[in-house]
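There are 4 protein chains.
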Amino acid sequence: MSMNSFGHIFRVTTWGESHGPALGATVDGCPPGVPLEPEMIQVWLDKRRPGQNKHTTQRNEPDQVRILSGVYEGKTTGTPIQLMIENTDQRSKDYGEIEKTFRPGHADITYWQKYGIRDPRGGGRSSARETAARVAAGGVAREALKALLPGLQIKGYMTQMGALHLDRDKFDWNAIDQNPFWLPDNSAVKEWEDYLHHLRTKEHDSVGAAVEVVVRGAPAGLGAPIYAKLDTDLAAAMMSINAVKGVEIGEGMAAAGLKGTENADEISMGDDGPVFASNHAGGILGGISSGQDIVVRFAVKPTSSILTPRQSITKSGDPIEVVTKGRHDPCVGIRAVPVGEAMAACVILDHVMLHRAQMGEGVRGKIG
Amino acid sequence: MSMNSFGHIFRVTTWGESHGPALGATVDGCPPGVPLEPEMIQVWLDKRRPGQNKHTTQRNEPDQVRILSGVYEGKTTGTPIQLMIENTDQRSKDYGEIEKTFRPGHADITYWQKYGIRDPRGGGRSSARETAARVAAGGVAREALKALLPGLQIKGYMTQMGALHLDRDKFDWNAIDQNPFWLPDNSAVKEWEDYLHHLRTKEHDSVGAAVEVVVRGAPAGLGAPIYAKLDTDLAAAMMSINAVKGVEIGEGMAAAGLKGTENADEISMGDDGPVFASNHAGGILGGISSGQDIVVRFAVKPTSSILTPRQSITKSGDPIEVVTKGRHDPCVGIRAVPVGEAMAACVILDHVMLHRAQMGEGVRGKIG
Amino acid sequence: MSMNSFGHIFRVTTWGESHGPALGATVDGCPPGVPLEPEMIQVWLDKRRPGQNKHTTQRNEPDQVRILSGVYEGKTTGTPIQLMIENTDQRSKDYGEIEKTFRPGHADITYWQKYGIRDPRGGGRSSARETAARVAAGGVAREALKALLPGLQIKGYMTQMGALHLDRDKFDWNAIDQNPFWLPDNSAVKEWEDYLHHLRTKEHDSVGAAVEVVVRGAPAGLGAPIYAKLDTDLAAAMMSINAVKGVEIGEGMAAAGLKGTENADEISMGDDGPVFASNHAGGILGGISSGQDIVVRFAVKPTSSILTPRQSITKSGDPIEVVTKGRHDPCVGIRAVPVGEAMAACVILDHVMLHRAQMGEGVRGKIG
Amino acid sequence: MSMNSFGHIFRVTTWGESHGPALGATVDGCPPGVPLEPEMIQVWLDKRRPGQNKHTTQRNEPDQVRILSGVYEGKTTGTPIQLMIENTDQRSKDYGEIEKTFRPGHADITYWQKYGIRDPRGGGRSSARETAARVAAGGVAREALKALLPGLQIKGYMTQMGALHLDRDKFDWNAIDQNPFWLPDNSAVKEWEDYLHHLRTKEHDSVGAAVEVVVRGAPAGLGAPIYAKLDTDLAAAMMSINAVKGVEIGEGMAAAGLKGTENADEISMGDDGPVFASNHAGGILGGISSGQDIVVRFAVKPTSSILTPRQSITKSGDPIEVVTKGRHDPCVGIRAVPVGEAMAACVILDHVMLHRAQMGEGVRGKIG
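As given, the protein sequences belong to chains F, L, R and Y, one line each in that order.
First residue of the first sequence: 50, per the numbering used here; consecutive thereafter.
First residue of the second sequence: 50, per the numbering used here; consecutive thereafter.
First residue of the third sequence: 50, per the numbering used here; consecutive thereafter.
First residue of the fourth sequence: 50, per the numbering used here; consecutive thereafter.
For the record, the hints were derived by calculation from the structure and aren't laboratory data.
It cannot be assumed that every hint is accurate.
Under the rule of at most 20 Å between Cα atoms (straight-line distance), these lysine to any residue pairs were calculated in the SDA-like manner [as the list claims (entries may be wrong)]: (1) R/Lys-96 to R/Gln-227; (2) F/Lys-204 to F/Met-89; (3) F/Lys-149 to L/Gly-417; (4) L/Lys-124 to Y/Gly-123; (5) L/Lys-149 to Y/Gly-123; (6) L/Lys-195 to R/Lys-96.
Cβ-to-Cβ under 10 Å is the rule here; a few derived chain L residues that face chain F [claimed, not checked]: (7) Val-61; (8) Gly-154; (9) Tyr-160; (10) Trp-161; (11) Arg-174; (12) Met-210; (13) Phe-220; (14) Asn-223; (15) Thr-250; (16) His-253; (17) Glu-300; (18) Gly-336; (19) Thr-352; (20) Pro-379; (21) Met-408.
To be clear about the criterion: a stretch of chain Y counts as covered by chain R if any three or more of its residues have a C-beta under 8 Å from a C-beta of chain R, and this derived list gives those stretches [stated by the list, open to error]: (22) 322-336; (23) 355-368.
Ideal Cβ positions, reconstructed from N, Cα and C, are used throughout, including at glycine.
Here chain F stands alone, though its shape is the one from the complex:
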């Protein structure tokens, strides 16, 4: 069972509400002996933190992580690692109408119907703030991966924001960390900034986004068919992120339009093993990694918290016009980038460990 947990062996349980005393992640199954200091996790939380740039909300929280267990003298012990982030912005306030109203496109209404109790403070458990706990857990996964697979890289970036698309011909891996959109094309940043600024200040609207995460350097053989396939677990991990509505591996939905001759990645023999002429598969065949770049992509819907009024109802069934005041991210997809990376890190580590369990170290079948 896994209502609030994910992972087979490296198992993460997130807990906490947006405006409760604290939130965090219970990380079980981490290998022992992994160097771990709060700063190694903090760096990823800072990347995700609201208020980092003018395109995300200015909630003024340090998001400081504390490691409460599982680490002794700077190394993991193999026991559960408790990561806690205290909510400093936990002011008591009058939620008034919000508590009685359902925002169109928001989980307000379904949480109410399911649980019959609803934490209106910032969306409670359905808040995107829960993703901070994932990012913290992802920080642990990255350190463990560093120990197990030194060459591995995990990198997320935006490929679409509303009407704007990444120009893949200008793809620049090094640009990703150099701009607030984690856009692999610095030349487009100005246009993206203007678009978002206009959307927020003039249109009082929000916009969706697409995020791509690439795992480079993962070994062949990861993935446990049939129902713990690597792509299955990646799809679940990404779909579980707030506001995500679609997940793709490699060609993704476009595969529906391809012919077999176009889609097959031809193989030749290189110095270090098989070499693929293309990567339509996104690095995964039959649910198992092939050694190519693993490419997963997901779409984030536009936030439903906007200044433009929408029709809705109250708990008592009365019509009401909903306007969400306060400052909200016009594009939550931006902050989804580090979250997607964190989920990928957790899934990859989990599969490295799962592979080890059944297969021992390395791959079993040699080629060449």
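Fit chains L, R and Y to the given chain F structure using the hints.
Same frame as chain F, now just chains L, R and Y:
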């Protein structure tokens, strides 16, 4: 752990290889007292069966299911239900080169790398034949759902095949069962047939497809946030199907291009509860069903088994040109329709049971 | 997977080390709407707390529990409940030889061999202090059970301490809460106190104990054969408690000496259903509760931390004589009583929920 | 969830009823490349089979196992292994009164109350026949262990049958396989035979038993604290066997009567690592194996199917005197020996794999 199992409470484990003695599904957690006869399962297997129409392979197998346990006097007992389908087409044959060669775009190479042992008989465990076991399990889920939620409907259909798209303006729910593509538009069937015929006989190629599954009549409240969200589990279920490369809920990847004003489904009060003006959400908000139609869509890549030669290598690393002879489905997406339905049935039943565990019967929060 | 979690649906993960910053329990799957305040949990922690009486260690800690999530306005929301107990006695100290020495009968040596890293601060994760987190989780389970099964009682007591045995002829249910041994016989308390006092002050030794937990008022039908039988899960729950070496249901090990005529609990019909003439079964038949008192018993070994010297080795393999100074419980079995109760509460709640998932409310088969 | 499954990574699901068409085990997670032929499994089934000697029931079934999946050319492939045993003794018969009556001490009544449907054919799912599937799965585990830990031995034997106890001073490891009781003392066999013969033919009664299983040669480090401790999982595995009422590790319940000075196993340094002066711990400290013999013991209650009449009720609540005709084992504990061995094999393999997942190969902490 779940290498070959899925579901939290209604738990399905599929087993078996394409050309072994038999394959099947072990179904655990089914409620007791559900009427179940082999015929109730057989009907769905017949729908999926190869050789049903000229667009799918003519493997001449009856795919006859046997119920080996869990049923007494025509009713489930609450104990594990073992469903077995014997492979009658299990002839011993010389696989020759196939055993030593990796087909581009196929799981041949990754299974070999992972396991170091490979069952070449029809792809072994990576064969689409495994999905027959899912369809059988789905048949059980459908009967249990019939008992628990009498009004529920689950329907799958194709929305794309290569260059051809379903014209949503002509959408006809009743047409779905009337043509070999499960296409909700009878007027397009001729064009789809010609397209596929040409592809197979003239181009010696295969093609991808998109399949949509709709669950109509599901109650609000299904889904267990955060990591057992209904959409998370649907995404995992669909991505675990052979050849699937993308999964979408509601707007799916198109959500990346929408604005908040466009995406929010406005709410009003109807006679029987909340009414939504649109369904961009695909019936799921915050991972919980809203009572609207649940809409999930997935893309199936074109099969890699084609007559047109592709470059590849052998186990020893030597270059080889691969041509897959024998008759193969030019569009495996067609047979993915009943598989998608079966997976949806299993996931919905599982979540009905999971909801019941934590919440008891029905929804907790009333509206109006 | 469940390295640090237990429960199928009501799922508890404990975390934390004896002398780290904090320890606690992540409780997932609790039904929503259950009244929950810290005081409802604190009362059980106080019962378990060291220093409560002269027979347990005087570690001076308030063991104050904080609820960090999952509760809104005094009621559970259905989301994860994080329970944290800060370690106030977390002084930095020189562990000196302890860190290099293996205490005979202690987990020192196996933790070292397994993990290659060892938290010497009070035993780290292997400390009995971990059970405080279980007791806290048990407090949540009790409140949920109160809501679901108002008449249910869970009561633990000692039946043996070294050479002393409970005289079952004098069994007094009401006495249990009236003495420091939770002994159902006040007349024996003086003898137990003298025995323990002599053991500690004169013999410098420790002693084992047997604890029995009774669940009264549980409905028939709980338990999910074959591998989630109620007795299976109770056995696992109790065996997972520190220092427990044996678990019994009903007659337990004595069943090996019984004949069929002696062991069968004869049945007659009472006003409210079946009535059993005896309870050799301990309330469980075929892994399912029968409606009788559920009786589980476990043995706790004597602590290995004693003042009398024992032969052992250091990490480098050198012989050393080990004496554990500082004040330690001469009978850890006393504090195991509330822990056993807590585990029983969690298991029973979990099975109530699991039963509900598959079967709905109540039992399916009527008698009479 | 695990209603009919056990194991974390090496995961076994048993299915089938006593008199249905077949029963078996779905074994998931087995390492690939393990040599496996039906005969390697059959040998253990033959050991357990009724009718093997005059002290067990004479049900005339060959219990022939078939491997339906997961093996290719005599080696496991890493995919699910389906083991099926067809029930040849599946005659349709009139169960008459049995179907309406509850046998005292039998799961009849609780299955009825829980499920409201009951398979009277030989006890359905609650029949000891289910253990044949466990023994088959254990056969797979043994072969995998042979590959991973060549020196490992797993041996079960009886230590008690009613009033008779094994004389530990005469313990003879080699005698175990030489007599029908798997008794490590050939000199006592005659007495045991007479006792059982008298019980069956003269007293028309049955009797309980205690079985001990020893795992010799297991490495230190197995076990995943806190809730997947090796002893926790062994306790659950044994308690899940039909009719088992108690489980002990090492000293077991007797630990309640020991002092700390008596219980601690003193340690010295040997040529190959630590040497323990005694084994009160049963080879497990803090839930982790120490490298000593792992010793687990369980009590099996006497079967409730006896010729001597017992008072009971029918479904309609009427009083009835129950006598179970037909030939039944007077001591089901005899056949529990190979079952206990099989469960131990599965648990040990599972923990070897789980250890590998988190820790890689071998132990982490060196001594000396």
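Which numbered hints are broken by the structure, listed smallest first?
4, 6, 13, 14 and 15
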